[in-house]
Amino acid sequence: MQCEICKTKTATVHLTEIINGQRTESHLCQNCAQKEGVSVKSQLSLNELLSSLIAAHQHTDEIGDSEISKKACPECGITMEQFRKQAVLGCPKDYDVFEDDLKDVIEKTQDNNLTHKGKIPAKAQADPNAQNENRDKIEELQKQLSQAVKKEDYELAAKIRDQLKDLQ
Amino acid sequence: MRLTDLSTKTSRWFDPNVPLSDIVVSSRIRLARNLAGHRFISRCDDEEKQEILQRLKEIILSLKELGDIAFIDIAGGSSIERDFLIERQLISRNLAIGRGPRGVVIAANELFAAQINEEDHLRLCVLAPGLNLDKCWEQISRIDDCIGEKIEYAFSRRYGFLTACPTNLGTGIRVSVMLHLPALKITDQLKKLFASAKDMNLTVRGLFGEGTEAVGDFFQISNQVTLGISEEQIVEDFQTLIIPKIVEYERIARDRLLVKDANILDDRIARALAVLKNARLISSHEAMFLLSNLRMGINMGRIKEISINTINELFLLTQPAHLQINKGRTLNAEQRDILRAETLRAKLN
Ligand SMILES: [Zn+2]
Ligand SMILES: [Zn+2]
Chain A
1 MQCEICKTKT ATVHLTEIIN GQRTESHLCQ NCAQKEGVSV KSQLSLNELL
51 SSLIAAHQHT DEIGDSEISK KACPECGITM EQFRKQAVLG CPKDYDVFED
101 DLKDVIEKTQ DNNLTHKGKI PAKAQADPNA QNENRDKIEE LQKQLSQAVK
151 KEDYELAAKI RDQLKDLQ
Chain B
1 MRLTDLSTKT SRWFDPNVPL SDIVVSSRIR LARNLAGHRF ISRCDDEEKQ
51 EILQRLKEII LSLKELGDIA FIDIAGGSSI ERDFLIERQL ISRNLAIGRG
101 PRGVVIAANE LFAAQINEED HLRLCVLAPG LNLDKCWEQI SRIDDCIGEK
151 IEYAFSRRYG FLTACPTNLG TGIRVSVMLH LPALKITDQL KKLFASAKDM
201 NLTVRGLFGE GTEAVGDFFQ ISNQVTLGIS EEQIVEDFQT LIIPKIVEYE
251 RIARDRLLVK DANILDDRIA RALAVLKNAR LISSHEAMFL LSNLRMGINM
301 GRIKEISINT INELFLLTQP AHLQINKGRT LNAEQRDILR AETLRAKLN
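Chains A and B supply the protein sequences, listed in that same order. Residue numbers for the first sequence follow the working numbering, beginning at 1 and rising by one. Residue numbers for the second sequence follow the working numbering, beginning at 1 and rising by one.
Calculated directly from the structure, the hints in this document are not laboratory data. You may find that some hints are simply not true.
With a cut-off of at most 25 Å between alpha-carbon atoms, the simulated SDA-like pairs for lysine to any residue come out as follows [said to hold, decoys possible]:
hint, chain 1, residue 1, chain 2, residue 2
1, B, LYS198, A, CYS3
2, A, LYS123, B, LYS198
3, A, LYS35, B, GLU51
Covered stretches of chain A (chain B as the covering partner; in silico rule of three or more C-beta atoms under 8 Å from a C-beta of chain B) [said to hold, decoys possible]:
hint, stretch
4, 77-90
5, 100-106
Remember, predicted model here, so these are calculated numbers, not experimental data. Virtual Cβ for every residue (Gly too), placed ideally from N, Cα, C.
Take the sequences, apply the hints, and build the full model.
Right, here's the structure in full:
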C-alpha cells in the first residue's frame, strides 16, 4: 500500500479514527506520518502497532544481515520472518530463542516494560528451577549494569537498575 | 444446557439492577493461558489441538465452583450457533472463524466462558453486570488457580505467562468495561475521550456494530499493557479511577443536555420510540441506533412506560442470529428485517 501523501513510499502507519460513528482510515509512510505530527504510538491500535513495528524491523533486516530472520526455533520451526507475517509466535520457547529480536517488539507494545509483575502459577512457585532462573537473571543484569556504567551509558544503567529492583 | 434455553432471554451481564448500570453495562476480565510443553495454536496440527482441547475441557468441566456448565463444540457447530455465541459475547469472532478442534465451556448463568484453542490454548473470561471488576478478578483468579494446580502453564519468571502474541505477555489479562455513552456522543466529546484513552494506553472499540464501527453508542474500553503491571493494579485503576471518571463526564453531558437542549433530546427519544413501535421492516443497524436513544431516554427519566430491562432484552433479541435461533430456521436479510420489526412491535406496544 502506498503512502497517501507522498505517493511513493510504502505506508506503514495506518490510522483508524471513529468520529461520530464514522470510520475514517489513512495510510502514511513513517516520514510523512512524522511530518504530520502523528505520534505513532498513541494513534495506532494494538495490532496495527504491532504489524507496523514488525514491518519496520523487517526493513532494517533487509539492509543488514538476513541471518536472523532465517534462524528457526528448534521446537516449532518458526522463523522471525514468519512471525513478522502472522504476528503470533509458534511456541513458548520462542521467547528465549528470539530474545533479542522480540525485545524490541515487547518493549514498544508493553510501554517499555520487560519484567513480569503479578501472578505466579502454583507449579512455577514450587519449581526450584524457577528460583534459580531468577538468581541467574539477577546475576546477568548485574553484569550488564557494570558494563553500562563503564561505558557511561547512564540511561541504560538506570533501566537495568529498575529491572533489578523488580526482581529483588 | 441448550442454546434455545438462552436465546429468548437477555444475558445476565445485561442486568440493569446494579449501581451505575445506566452507563456501565458490564465488566469483564479475560486471562490468556497456554500449556507448557505444547506449541502455540498456529503451530499445532489437529491432533495436538484435540489433545489440548480434551485436557482443558476435562479439567474445567470438573471445577465444582462453576455450578451448571456445558461444553459447546465450535468446530462441529453451525455458523448461526457461532454467531449467536458472538452476539451474547461468549466467544470471539476469532474462535468462530478458527480451524480445527476448538470449543468453549460456558456457565449456565453466562457469567463465565472458557474458550479453548482460540489464539491461545485457553482464554478464561468472567463477566458481571455494571462496574464490578473486583468481583470478576476474585472469581477468575480463583478459577485460574484451580486450573493451574492441575496443569502446568507456560510461564517464565521474567516474562510471566507466555502467550502466542507478545501483546498479551505477562499477566495475560484484558480488563474490559462496556459503556453506554450517548450524551458524550451527542455533545461531540467522544473524540476527546478516545484521545485521552490512547494516551493512557487504553483501547476503545465500538460494540454491536459490524467490524469496528460503533452502532448505538456502546463502547468497550480495555487495557493494552499486560507486562510489568500487576493484575490488581490494572483492576484498581479501572475500578476506582478510569471508569468513574468517564461515568462522571457522561453524567455531566446528560445534565447539560437536559438544561440546554431538552427539546432536541425529547424529540430524538420520541422519534426513536415512534419508529420502533411502528416499523414493518427494520435493519439491525437502525434498530441498534434507535434502541440506544430509547435507552438513554429511559435512563434520563424522559420515558416512564418502558422498562430498561425490555430495552436490554431487545438489543440481543433483534440481533441476526438470535432472530434465527428463536425462529428455528435460517432467514434471509429481508425476512430478518420483518421479524425484527415484529419483535420490536410486540415488546414495545
Ligand atoms: Zn509518504
Ligand atoms: Zn518455537
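Outcome of the hint check:
1. B:LYS198 - A:CYS3: holds, 24 Å
2. A:LYS123 - B:LYS198: violated, 36 Å
3. A:LYS35 - B:GLU51: violated, 52 Å
4. 77-90: holds (count 7)
5. 100-106: Contact hint for the stretch 100-106 of chain A vs chain B: holds, 3 residues under 8 Å.
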